[in-house]
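Student: Put chain B on the given structure of chain A with help from the hints.
So the protein sequences, as listed, match chains A and B.
Those letters in the first sequence? Residues 110 to 642, per my numbering, in order.
Those letters in the second sequence? Residues 215 to 517, per my numbering, in order.
Think of the hints as simulated: they come from the structure by calculation, not from any bench.
Beta carbons are placed, not taken as given, at the ideal position from N, Cα and C, and that holds for glycine.
Don't take every hint at face value.
EDC-like, lysine to aspartate or glutamate: derived pairs with alpha carbons at most 20 angstroms apart [what the hints assert, rightly or not]: (1) A/K311 to B/E314; (2) A/K311 to B/E309; (3) B/K219 to A/E558; (4) B/K433 to A/D476; (5) B/K269 to A/D476.
Here are a few chain B residues that sit away from chain A, every Cβ distance over 10 angstroms (derived from the structure) [to be verified]: (6) N223; (7) T274; (8) L388; (9) K436; (10) V475.
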Amino acid sequence: MLKSIKLRAAAALIVCLAGLFYLVPSLTSQLPDFWKKNLPANRIHLGLDLQGGMHLVLEVNADKAVEAAVERMTNDMRETLMDKRVRFRNIERTRENIISLELADSAARGAFEKILAEQYPDLEVQTSRIVEGRETVGLKIKDKRAVDIKKLAVEQSLETIRNRVDQFGITEPEIIPQGNDRIIVQLPGIKDAVRAKNLIGKTALLEFKLVDEEHGIEEALKGSVPEGSILAYGSTVDRESGRRASLPYLLKSKALLTGGALETAQVKISDRFGEPHVALKFNSQGAKDFDRITGENVKKRLAIVLDGVVHSAPVIQERISGGDAQITGSFTLDEAKDLAIVLRAGALPAPVAILEERTVGPSLGQDSIDQGLWSIIVGSILVFAFMIVYYRLSGLVANFALITNIILLLGTLVAFKATLTLPGIAGIVLTIGMAVDANVLIFERIREELRLGKTPRAAIEAGYAKAFLTILDSNVTTLIAALFLFGFGTGPVKGFAVTLCIGLVISMFTAIFVTRIIYDFFVWERKVQSISV
Amino acid sequence: MELIKPGINIDFVGKMKPAIGISLALIAIGIASIIWHGGLNYGIDFAGGTLVQIKFQKETPADRIHSALKPIGLENSIIQSFGPNEVVIRVGEVERAGGELSQKIKESLAQALGEGAFEVRRVEVVGPKVSRDLTRKAILAIVFSWIGMLVYIAWRFEFRYAVGGIIALVHDTLITVGAMSLLNKEFDLTIVAALLTIIGYSINDTIVIFDRIRENARKNIKQPLEEIINGSINQTLGRTILTSLTVFLVLVPLFFLGGAVIHDFAFAMLVGCTAGVYSTVFIASPIVLAWERIKPSRIKRKK
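Next up, chain A with everything else stripped away, as it sits in the complex (with noise of 0.2 angstroms):
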């Protein structure tokens, strides 16, 4: 027996001073040298709420990033078509994102079909209705294509947040997809919170388009826009008053070149005004392009649009090689830095809205902090007080428990890298009184055992055991309903679940385990003759 409890005191030994290894980086900030090369080094993680940051959840429309392929498959289509001298007319992408077009004949019927088998595979024949000797057809996208589509939308945009977060430098955020269309944002100890939204939610689709001369823009505006051609608006600043003022431009529909052809984005500062713009470069293909489109458009337009939007539209005056571009427009310095760094990590598949945002300033942290660190600091001597007042010496060994609980609870949050939230802290109140409840249904055994005259040795025995199953089945209790709130909650309600679960796991170690070593070094090793209870 003796053997068995120094076996025991041993394991639990190891246990404990395992839990303390990874508590005291927590504890100190001056770790020794030969602790961080060798030892564990990691310190409990704060939530947000208690270090301060932004948590968004983004919702990614993935409807757009299909809309957006079927309106690059129109306008493909017409070229295509076009050159293929099919006879058509009227080719349109429809709001219930169908791409309709209308052929002259049957030969002409026979040149689609064959175009439609051999170069787009993706989509498929919806409807088709013949009206005065002319067909119209519907053309819909396979829902297969549709479904990957989006899948890759929300892949991507999840990517490109990821670059940009990188980029403006946030130290450890984290950037997690969420069900099918979500993702959750994380950024630790951000100060500017619009600004940071701004980065993450801009779409910063950037296109070039040839302005359309050929048509008036009178027209367009009265509601004739020409067909392949889009109203499109920026705006002029002007400069004496600073006034905004809102410009039409009627711009041909394909984008000749898009963000994705760039290689990278920069801040200059121009010489003239001081004014910072945004300094382009491409990609090798995109120079090439570059350099065939402003060849084949000297002396015609061309628009700079980011997320619909034209920034300018400056008349290309010779055929530029060497792919250099750049966008001007009023920026300030932070909003021309912010461009380059979407610019640079790529503009997002599809448009996201913010569903909900949670922002936490370190003040406010740190108060959580404090109240949380009192709470622990008194819940813990009234229990404390309490067990020793009640159960006296067994008391003290029951406290004794309660501390190892602690220290172990906390080393196990760093060892798991869960995350320490406000309500985590309240958890970990709740555990110190919820883990003495074991100590009490035991002691509570152990005195009825001793009532009935059993020896302490008889006595100890048996209420262990008896409340061994009691205390087994309440716990498991809790753990379930625990496990339900980390299933379904969100954020700092989860944190509470996971101290509430550690720190009743660990209570069955350290209320029944380390309690009983105690007892049985007492009973067998010194004979007591009387508890203390």
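Tutor: Coordinates of chain B only, in the frame set by chain A:
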């Protein structure tokens, strides 16, 4: 030290009917309060909207804040005091006229009171999609944990014990929710966390008593169940009270020192744990008895 003397023998089972009457009355008051208030006072998690917590450099009366918010049409928003010189502004919407409300609130306060007069300590914006989600999840979590308890106790004991345990849990949850409504306290995710903890915890005392009932029934097969149950409640009364007392000891500092968010959580837990002790003694065990009268069964000896 002993709070409850070992020989204690109170006729709990005999007081079952008035006790259930009191419980029903309390639950009815709670439900009446919820109806009278026009539903629960949902926090931002479930109602959605915008919340901005602001700490002012010096004392700033609420009507100054109201008038500062007038230019953006928010003069009727809810402003709660949240500690010294600290308020929470709550609006039911997320954006207005294309701009984020949280940003607009900051700007108009800065305009009316000056840039350095306050510090924005917390911003929470919950859109309708998320609040619907959270509401659904919270209800599911509560219902599933009830079912989880039912299944576990039915497995460890017997179905009739599980029925008693679950009714006691539903009782505790309803009493707590009723008390929140009666004091018009905000009902948010942390309260749901409290409710789930109450569900998981207040069953513990019930398990202690059920264990004892099972043990005693095994010892004295001839004794009527009524006496066994009453004896068991009395024998474990000390435990029932002490275990809840230790949790009370930690809830009280949380209630007073934990800060505003934890304050309501601790309040809910205090109410729930009290209800838990009461329902353990007066509701759970008598229902086992009542069930036995409807549907007699042999007490199984599972362990």
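Student: Any hints from earlier that this structure breaks? Give me their numbers in increasing order, please.
Tutor: 4, 10
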